[in-house]
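A.B. asks: Each chain, letter by letter, is given below.
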Amino acid sequence: MAEIIQIVVLGLALGGVYALMGSGLSLVFGVMRIVNLAHPSLIMGGAYVAYWGFRLYGIDPLIMLPVAAVILAATGVILYKLFFEREARSAKYSEMTVLLTFAVAMILEGGLATAFTNTQRVTSPEYATDAFFIGSVFIPKGQLYAGIVSLVLIGGLALFLKFSRFGYAIRATTQNREAAELLGVNVNFVGLASFAIGVGLAGAAGTLVSFVFSFYPSKHWEWIAVLMSLVVLGGMGSILGTVVASFLLSVIAAFVGYYFGATWSTLTFYIALFVVLLVRPQGLFGEKPELA
Amino acid sequence: MKLSQLLAGTAAVAVLATGAAAEIKIGASLPLTGAFSIAGEKHRRGYELCVDLINERGGLLGEQVELITSDNRSDPATAINQYERFINVDQVDAVFGTFSSRLTFPVASLLAKNNFVHPVPSGGALRIYTQGHENLFYFQPDAAEYFGETLTDMIQELIPEDQRPQTAAVVAADDFFANAVEAGFLGTEVVDPADGSVVEDLSPGYLADAGIEVVYSEKWPEEGFNDWLNLANSIKRSEADLIIALTASAEEAVQLTRALQTVRAEPMMVYYSQGTQTEFYEGTGDASETITMHTSWHPAAPFEGTLAGEEFNNSDFVAAFEEAYGNAPDEDSAIPFAVCQGIEQSIRGAGSTDNAAMGEWLYGRTADDPVRTVLGTFQWDERGLPVDKPFLIAQWNGGELQFVYPTDQFEGVSELQHPKDGF
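Protein sequence lines correspond, in order, to chains A and B. Residue 248 in UniProt numbering sits at position 248 of the first sequence, with consecutive numbering throughout. Residue 401 in UniProt numbering sits at position 401 of the second sequence, with consecutive numbering throughout.
Read the hints as simulated data drawn from the structure, not as lab findings. All values reported here derive from a predicted model rather than from experimental measurement. Using N, Cα and C, we set each Cβ at its ideal position, and we do this for glycine too. Please note that the accuracy of each hint is not assured.
What the hints assert, rightly or not - Simulated crosslink set (DSSO-like; lysine-lysine; CA at most 27 Å straight-line):
1) K420/B with K141/A
2) K113/B with K141/A
3) K420/B with K219/B
4) K141/A with K389/B
Stated by the list, open to error - Cβ-to-Cβ under 10 Å is the rule here; a few derived chain A residues that face chain B:
5) I7
6) E222
7) V226
Assemble the whole structure, with the sequences as input and the hints as a guide.
C.D. replies: Following this line, the structure appears as structure tokens:
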């Protein structure tokens with residue numbers, strides 16, 4: 001029994017980190033219909049902010065989280081203005097953004113590698129390699145803290161979207177861009193703000209990644225398939241779906257890894273992606289960004 | 001403009017162009033991005049430093065050396081295309097090898113077909129050297145399948161019988177290189193991927209030979225694996241005395257070490273195939289204490305080499321690297337530097353960049369007249385594997401990577417710390 005509890009704990013712990021990594025991607029798709037392949041590169045950007053804060057000044061990555069979120073959100077504004085705004089009304093917008101964000105990912109990777117080299121980095125606050133032990137079951141502190149922070153941020157975002165006036169505007173734009181515009185919503189600004197929030201979430205997720213996993217500029221290629229499988233399983237655009245999918249797939253992968261071998265645990269995400277696309281293409285929670 | 005002026009200008013350009021073409025061109029395709037980017041970038045630095053130093057010393061055969069590097073994105077197909085481009089478009093005179101067995105294996109066929117000398121910095125899988133390729137020269141001690149023998153020899157020589165590990169957990173990346181090392185430890189057959197024939201049967205394996213029982217073994221996929229805590233927990237539960245972790249990169253070694261620290265694993269001894277890099281210590285800190293690892297190079301090893309016809313030893317390399325890049329080198333830069341030294345010596349020895357003559361010169365090296373590099377001396381057998389060159393084992397102690405085995409090669413060997421006191 002302890003074995004099963006341990007596997008569930010490890011799966012949930014990993015799922016918490018994945019949830020925040022995927023939620024920004026889901027938000028940007030939900031509102032802007034941008035399939036942001038550069039999202040993991042932006043997560044790397046947040047990880048570097050945390051790394052240098054820790055390395056140079058000994059600042060805890062969790063304290064660097066708002067700093068990284070703001071810096072990356074500002075980066076998101078610049079990227080949106082440079083690459084996405086002028087094409088927002090194109091009939092082929094989503095298709096175009098796949099190639100566009102792929103290019104942005106490569107540019108970001110090159111920029112990060114030039115600035116920080118391809119050397120692997122990781123931040124090492126004490127809790128990153130410590131655990132709570134309850135009998136023979138352990139709960140890794142780093143992933144636990146990351147998961148709690150992740151859920152708090154996603155919960156805050158959900159409340160913001162559900163109850164704030166601007167949140168209404170975002171949700172209206174998500175559901176029907178033209179109708180929202182007719183009702184007076186400044187959809188261009190909503191798009192810009194949503195993109196910035198999504199990229200800001202990537203920055204926040206990056207600070208968690210910085211002490212949960214090691215990272216380097218090219219690492220983002222390993223993340224994109226995992227994150228896409230989470231977002232597709234949850235339902236493109238559904239943040240709640242992404243959160244549920246993150247926990248679900250992480251726990252399943254942990255069981256697969258334990259009983260069938262580590263090689264198969266990674267495959268769990270890809271198999272889930274194929275199965276969802278074949279059986280329920282809209283994902284667990286459909287296309288709409290339902291939050292409750 | 002008068003016709004004579006035009007002709008004079010054209011002639012001047014032609015002279016300049018001829019001058020440029022007189023350079024010795026060397027091509028190197030490296031994984032500067034992608035999964036192997038960390039080691040790839042360090043390889044580039046090793047090659048570039050060596051070429052710069054040769055040029056500072058007057059060049060090679062009276063000509064400057066031009067190094068052309070390109071990023072193969074850790075992709076074998078791209079690596080092949082880039083070497084083809086070096087040969088057919090850039091018309092290079094020689095090549096330096098790429099990083100990793102995965103990229104080296106297909107590149108070796110192409111370079112052999114084009115009769116190029118192929119100096120391999122990092123491609124230790126035995127299968128690379130059993131394809132019958134000529135002019136293939138490996139610049140590390142021996143094939144990866146034979147790593148294990150050094151570890152078990154060290155255990156039997158340096159650790160009292162009652163303190164030796166009795167059981168082992170062997171975990172490995174599902175990677176060309178890591179699989180090769182694992183084959184030696186576990187005693188599996190090495191199979192030629194081309195025709196399925198058995199290249200070498202390594203049974204019963206070095207662990208069995210040493211009387212160490214394997215109680216747990218596992219592989220993880222070479223890319224995209226993140227479930228390190230689950231793996232570490234399984235290793236801990238096996239209660240193995242010895243953990244053998246065969247990673248394809250130092251990054252994986254960092255991830256696994258941190259996970260083992262988190263689950264509070266308490267093995268008697270830990271051995272890695274990677275982890276000599278400074279980034280490993282930065283990522284693991286005190287958890288690295290007493291972890292042993294395979295290495296081909298150590299900054300304190302008194303290896304004596306030559307460069308541009310002058311004495312250029314390992315200590316000179318360390319100093320030059322620190323001056324050029326502002327940080328200490330590790331083996332991922334030292335090994336390509338040695339490759340460059342080997343090719344430079346072969347061109348000088350052959351008196352030209354004729355690859356057939358270079359290969360003949362390299363095959364002709366002996367114990368008395370070897371290639372001399374910052375990795376020590378080299379001479380090769382007909383497969384391209386070094387002769388009489390021992391592996392080294394290093395150990396992290398107090399934040400310092402100490403060289404602990406073999407003990408009879410040169411001065412400066414540190415005492416092996418055993419057993420490990422947790423992570």
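A.B. asks: When the hints from earlier in the document are held up against this structure, which numbers fail?
C.D. replies: 2, 4
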